[in-house]
Amino acid sequence: MAAPTMHRSTDTPSAAPQTITMIKGLNQALRTSMERDPKVIVMGEDVGKLGGVFRVTDGLQKDFGEQRVLDTPLAESGIIGTAIGLAIRGYRPVCEIQFDGFIFPGFDQIVSQLAKLHYRTQGRIKLPIVVRVPFGGGIGAVEHHSESPESYFAHTAGLKVVACSNPVDAYWMLRQAIECDDPVLFFEPKRRYHEKAELDLSVAPQPLFSSRVLRKGSTATIATYGPMVRTSMDAAIAGAEDGLDLEVIDMRSLSPLDLGPVYESVRRTGRLIVVSEAPGESSIAAEIATKVQQECFYSLEAPVLRVTGFDTPYPPAKLEENFLPDLDRVLAAVDRSLAW
Amino acid sequence: MSSPERWSQPQPSGAPAATAAAPTAEQVIAGLRATSEGGAELVQLLTPEGERVDHPDFHIDITPDELRGLYRDMVLVRRADREANALQRQGQLGLWVPLLGQEAAQIGAGRALRPTDMAFPSYREHGVAWCRGVHPNEIVGMFRGVDHGAWDPVAKRFHPYTIVIGNQCLNAAGYAMGQRFDGKVGDDNGEATMVFFGDGATSQGDVHEAFVWASVYDAPLVFFCQNNQWAISEPTERQSRLPLYQRARGYGFPGIRVDGNDVLATLAVARWALDECRHGNGPVLIEAFTYRMDSHTTSDDATRYRLSTEVEEWKLKDPIERVKAHLSRNGFADHDFFDGVQAEADELAAVLREHCVSLPEPPPSRMFDNVYAEPSPALQAQQAEYETYLAGFAGGEH
Ligand SMILES: Cc1ncc(C[n+]2csc(CCOP(=O)(O)OP(=O)(O)O)c2C)c(N)n1
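In order, the protein sequence lines correspond to chains A and B.
Reminder that position 330 of the first sequence reads as 330 in my numbering, one-by-one numbering, no gaps.
Reminder that position 27 of the second sequence reads as 1027 in my numbering, one-by-one numbering, no gaps.
There is no bait here: all hints are sound.
Computed footprint of chain A on chain B, listed as stretches where at least three residues anywhere in the stretch have a Cβ under 8 Å from a Cβ of chain A:
#, stretch
1, 1159-1169
2, 1175-1189
3, 1206-1219
4, 1364-1371
Far from chain B by the CB rule (all over 10 Å, computed), these chain A residues:
#, residue
5, Gln18
6, Glu35
7, Leu50
8, Phe64
9, Glu143
10, Pro149
11, Glu195
12, Ala197
13, Asp200
14, Gly243
15, Ala286
16, Tyr298
17, Glu301
18, Asn322
19, Leu327
20, Arg336
Source of the hints: derived by calculation from the structure; they are not laboratory data.
Think of the CB as a built atom: it goes at the ideal place given N, C-alpha and C, for glycine as much as any other residue.
If we strip away everything but chain A, and leave its shape as in the complex, we get (with noise of 0.2 Å):
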C-alpha cells in the first residue's frame, strides 16, 4: 500500500542542528505555524501567560496576542465547539487539552461535529483543526492525569489520529497535523516531554500518516507507538544482550494506520509483538493484531501477543509500576512467542 501522501512542510536549513526536547520541539512547531499561516491560532485551558500547564505553547502569546493565543474559559467542549466555528469561518485552531483524562466534556463535539461535518455537508465545511492531547502515564499523577483515550477517536471516522515518541517527530508531525485539512487527534506522551533529541531542519520530514521502522531485526517484530516506543527499543537493545535480534516499528499514526511497513517486517520475522500502554480490550492493539493475523496468516510463526495495560481503570501512581508495560513484560511476550 502507498504512504499517505502528507509532507508539505519542509523548512530551508536555516539554522544549525540544536538539541531539543519534546516540549520545545511542539513549541518550535507551533510557533512557526502560526509566523507562516495567519489563520493559525492556539486555544486552551492557561495556553497564553502560563504556556500551558506543560509549557508547551511558552511564549506565544506574548508575540502573537491574545486574538491568536487564546486562554479559553473552562470548558472542554466549549474549546472544541468554538475550534470549529473559528474553522468554518477560515482559521486553522490547534486546540489543547490539558489532560488525557479531561477531553471527555468534549467528546461529544469532537465525535458528534468535529469528525462529520466535512461528510455531511459532502465536503463543503473542512475543519483544519488540531487537537493536542497529553497523554499516557509514568509521571506519578492523580487520577484522570495519566490516561490513553486514543484509541475511542481511531473508532470514529473522520479524524485522524497520531501519537508521536520523539523530539524531532513532535515538531514535524504537529507541523504536519497542523497543515492537514481534517481534524486530527495529537496525542503526546507526557513522560516523554523532556527527553531530547538533534532537530535538524535541513533532513526533509516523513510523511505524517506513515509508520517508521527504527531498528532492524530478525527474531521478531514489536510495532508500538507514544511511550512506549522508548520502553519498547529499550527492550530490543536489552534483548540484544541475550542474543535477540528485534525490529521495532513506530505506528506514528493511528488512524489512517500505516500497516505496510508492519506487514512487510512480519513476513520476515514470522512474530510479532504489539505494545501499548492503553489498555488492550478493544484498542489499537487490538486493532493492529487483527489487520496483521488476516493479511500475514501464512507467514505468522505464533500468534500476535499483545502487551499492554490492563483493563482496569488507571491506578494509584503507586501502582503504575505495575500496569505500565515495561522491558521485562516485553520480553517475556518475545520468549512467549519464541517458545509457540
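Starting from the structure of chain A, add chain B with the ligand where the hints point.
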C-alpha cells in the same frame, strides 16, 4: 405564586435562604404555566386579533408591501411543512420535524438576517432556511434518508441542521468570535450570527458554555431560543425555574422575551439584537415565546402528554391568522392577494412532492465520499474491496 418574576428577586437580606420557602415543584409548574400569556415583559406589536400596538423600546416601520411579504413567507413555509408531514404519513419520508405554529418566530428572525450574517439552525428551522434561500427541496432528502442536507452551508450562510441538542450553539459562538477577530464588527455594516435552539436545549452544557464564550469574547451572536413550551414530552418547567430570557442576565448580556407568534415583534426584536451585535455590543438572548402546534416529530404522539385545551388556546394566537386579519382589516390586501399566495403555496407543495418522490437513491460509493478532506488509504482500500464485491453480483442476477 403566579408570577415567575418573583423568583428572580433577590432574597430579603438577613433571611436564611432555606426559610424563604422554595416553591414546590407543583407551584413552579403552576406558576410558569400561568405565563402562557408570555408575562408582562412580552414584546408584542400585533395582537392575536390583528391590531397593531406600540412598544416603547421596539418600534418598527414597515410598509404594507413588506407585511404582505412576511405573510407570504409564513403561508409558504407552513404549506411546505404540511406537505412534508403528509409525505411522511404516506411513507415517502422516514421522519418529519414539523414547524407548525412557529412560522412567525422563524420568519421574523430569518428576515432580520442579512446575506452577510450567518445562521446556525437546530433541526426544525425550515422557516429560517427559507429566508436563507434554502428551498424545502434541499431539506427533504435528509428526512428521506438520501443525504444529510443538500444545501451549501458556506454559500447560503446557513449551517447544516444539528441534531445533537445544543452543539450548534458552541459552533455558532466560535463562528461569531471569528467575525469579531476578522474585524467585521463595529458599525452598521458589521456582521452577526444567529443561533437557533429550543427551550429544552437550554439545559444542555453546550448552551451554557456558549453563553459563557459569547459573553467573554463579546461575540456578535444572537441566541434565538424558540420556547415552544415542550421538549418532546417535557414542559419548559422541567428545564428551568426562571423564565428563560432572564437567564441572560447571569451571563452579562440582555435577554428579551418576544411574542414568537407575532412576526412583527419578532422581526423588530431580532433586528435590534442583530444590530447590537453588528455594533459590537453583543451577545443577546431572545426567547421567542411560541407553541409547537403539531407533535414533536412524526414519531411523537403529543396527545399523550398535553391537554387539548392548551392546544385550543394557542390556536387563537395563530401567527398567520393575525397578520391576515391585520392586512384585510386595513385594506392592505384583498381576496386576490390571499388567493394568489395560496395558489403559490400549493404550487410549492407540488414541486416539493414531485422532487421528494423522484429523489434518486444515492450510489453506494456515496457512503465513502468525503469522510476525509485528505483521503485515507485504508478507507479507499475498503471502498475498492466493497465495489469489487458488488460488481461480483452484476453478471449473475438476470
Ligand atoms: C443531546 C441530545 N439528547 C437527546 C436528544 C433527543 N431529542 C431530540 S429533540 C429533543 C427535545 C428538544 O427540545 P427543545 O430543545 O425544546 O427543542 P424543540 O424540539 O422543542 O424545538 C430531544 C430530547 C437529542 N437530539 N440530543
